[in-house]
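Asks: Sequence:
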Amino acid sequence: MHRRFVNALAPISQHSGQGELSKEKKITYLDYTTQRNPGEKAPLSRPSSKPLIEKLNCYGTVVIMDDVLIVNLKLGSHVCLIDLLEYAEGGKERTLRLKFSDQFYKDDGVGKTAKLKRMWLLVQLLKVLQLDENADSMKLNCNAVAGGITVECTRMKSTKNMQDAFEKLIIVLRDMRNVDCKMQYIKVFEGDQWSFSLLAQRLTGDIAAEADRFAFQYCLFAMYYEQHFTCSPDYLLLLPEHYQQFINYAQRFAECRDKSCRDKSCRDKSCRDKSEDDYRQILISNEITEETRREFLHHLLFLDTKRTAPLVEDVYPDLRDKYYVIKPSSYSYRPSFEIPPDLWLSDDKEIFKKTLLMHGLQYGSQRVRNDKDLVLPIIAERQENLEFAGEKMKNDKEVVMTAIKKHGNWLQYVSPEIRDDENIVKAAIASYPTALRYASERIRSDKDIIKIVIDNDIVYLRCASTKVLSDREYLLNLIERDHHVFDYAADELRYDKDFIRSAIFRNPDVVEYVSQTTLSPIRL
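Going by our numbering, the letters in the sequence shown line up with residues 3 to 526, in that order.
If you are wondering where the hints come from, they were derived from the structure by calculation, not from laboratory data.
Hints are not guaranteed to be accurate.
As the list claims (entries may be wrong) - Label-pair ranges, simulated between beta-carbon atoms: (1) Leu345 to Thr468: 45 to 55 Å; (2) Asn180 to Lys449: 49 to 59 Å; (3) Ser160 to Asp344: 20 to 30 Å.
To be verified - Simulated pairs of lysine-lysine, DSS-like, Cα-Cα distance not exceeding 30 Å: (4) Lys159 to Lys189; (5) Lys394 to Lys407; (6) Lys355 to Lys329; (7) Lys159 to Lys114; (8) Lys184 to Lys129.
Where is the CB? At the ideal position from N, CA and C, for every residue including glycine.
All chains should be modelled from the sequences, with the hints used to inform the complete structure.
Replies: In structure tokens:
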């Protein structure tokens, strides 16, 4: 009702001749202030607020009075109404009030849960930014019928304090515009159940309490690590230093992950190993405190278990050389276990096997992942767990053979020594010829082994070593019976005129792979 009244003021003002009507970009301004004498109190709207409002790039109405400032903004699917009141009703005196509502049943591709999460995040940010720093308190109210929340800071100490808080609020709202689209991918609380009643309960929680602090910091970390969210420099500068550091490191971890995978020549395992080493270097550096190091670890365990689980014992050295299975989704900054380290007994291995088969070998400790009695039966049932086995197990022929007999692709996760074992490689390519690409350079140069894969399909020649793909006579002999071989030759041969001439002489169909520009100067 209040919002509709504000929207109706512009045409009424225009027809009545009262107030001054102006428009900048998408914002309509209605100025009802009275003329003031020099030295009298200035209106609540100050010049620095105007560009901040217009930077929102949304439709809105701003009503300016002597002791009242009303800002009505349409930010995507949600609407907010901000009141600055010098003399609020009910003895609240100087008050800043935000009413934030959403269209929960509008089919805009974003569900109700994500919109409720955005409301929760907005309030947590306002708490962290201490919007009520110079007020009696921050009062919160949830209205399920109206589909919105009200945030109210009453009895603010001065008009300047209220204006500062208003500008801080505008900056935050700018970055909340499309956050609901991103929040739908983040499980903020365990179970991730949301309703207006649950929202009300969660909003009254203390951000200093561990569960709320974990949820809020996890939300920030996840948005920046998964690159769901970018914020304005103004917003970053408003955050306390601890949170600025948090976001900075989330981006650094994301850069390590992305950098390791941009190298097209790397294998999946080498990508993960490289980023794992980069993560370790950041985590154990002296740049961060022990407490912050553990916070990062627990958030990374949620988001990237494969890369992070091996780092648990770097952050918690007291867990080294122990048997345990970690539980990453604990929503806490304390280690949580499926099987705690103090329950290990030699006759409890069946419990470990059952747990690891259910959750994956990646959650086991280093000692668990290097215990053959545990690893071998798990690999026998779920070969993909070879990726997470300890280095000792990746160098064990029996363990490796158990995995690759089912699918040779798992050869990529074994030790360099095993990759150079002919029997192992032959077993791998028997079920998956492309596995040759993961073999050692020596084996990828062995023409007898290459013959095994290309007898199935010449396409597997691409898995051979550069040395083989640069062997002129070897390739010409192959081209004689299959012109497609030319396409896999090293670049130095594919652009060599003598080689092209010889290849066409052996198999005229090679011209299919030679451009006219290259072909025209060649005389047979």
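Asks: Does each hint fit the structure? Answer for all of them.
Replies: Here's how the hints hold up against the structure:
For the pair Leu345 and Thr468, the beta carbons lie near 52 Å from each other, so the given range of 45 to 55 Å is met. Taking 49 to 59 Å as the suggested C-beta distance range, the pair Asn180 and Lys449 conforms, at roughly 57 Å. As the Cβ distance of Ser160 to Asp344 is approximately 57 Å, the hint placing it in 20 to 30 Å is violated. Taken as a hint, the Lys159 and Lys189 pair is broken in the structure, with Cα atoms around 38 Å apart against an allowance of 30 Å.
Among the hinted pairs, Lys394 with Lys407 is consistent with the structure: their alpha-carbon atoms are about 19 Å apart, no more than 30 Å. The suggested pairing of Lys355 with Lys329 holds, with an alpha-carbon distance near 15 Å, which does not exceed 30 Å. Among the hinted pairs, Lys159 with Lys114 is inconsistent with the structure: their alpha-carbon atoms are about 37 Å apart, more than 30 Å. Note on Lys184 and Lys129: the hinted pairing holds, with a Cα-Cα distance of about 21 Å set against a maximum of 30 Å.
Violation of the numbered hints given earlier is confined to hints 3, 4, 7; the remaining hints are satisfied by the structure.
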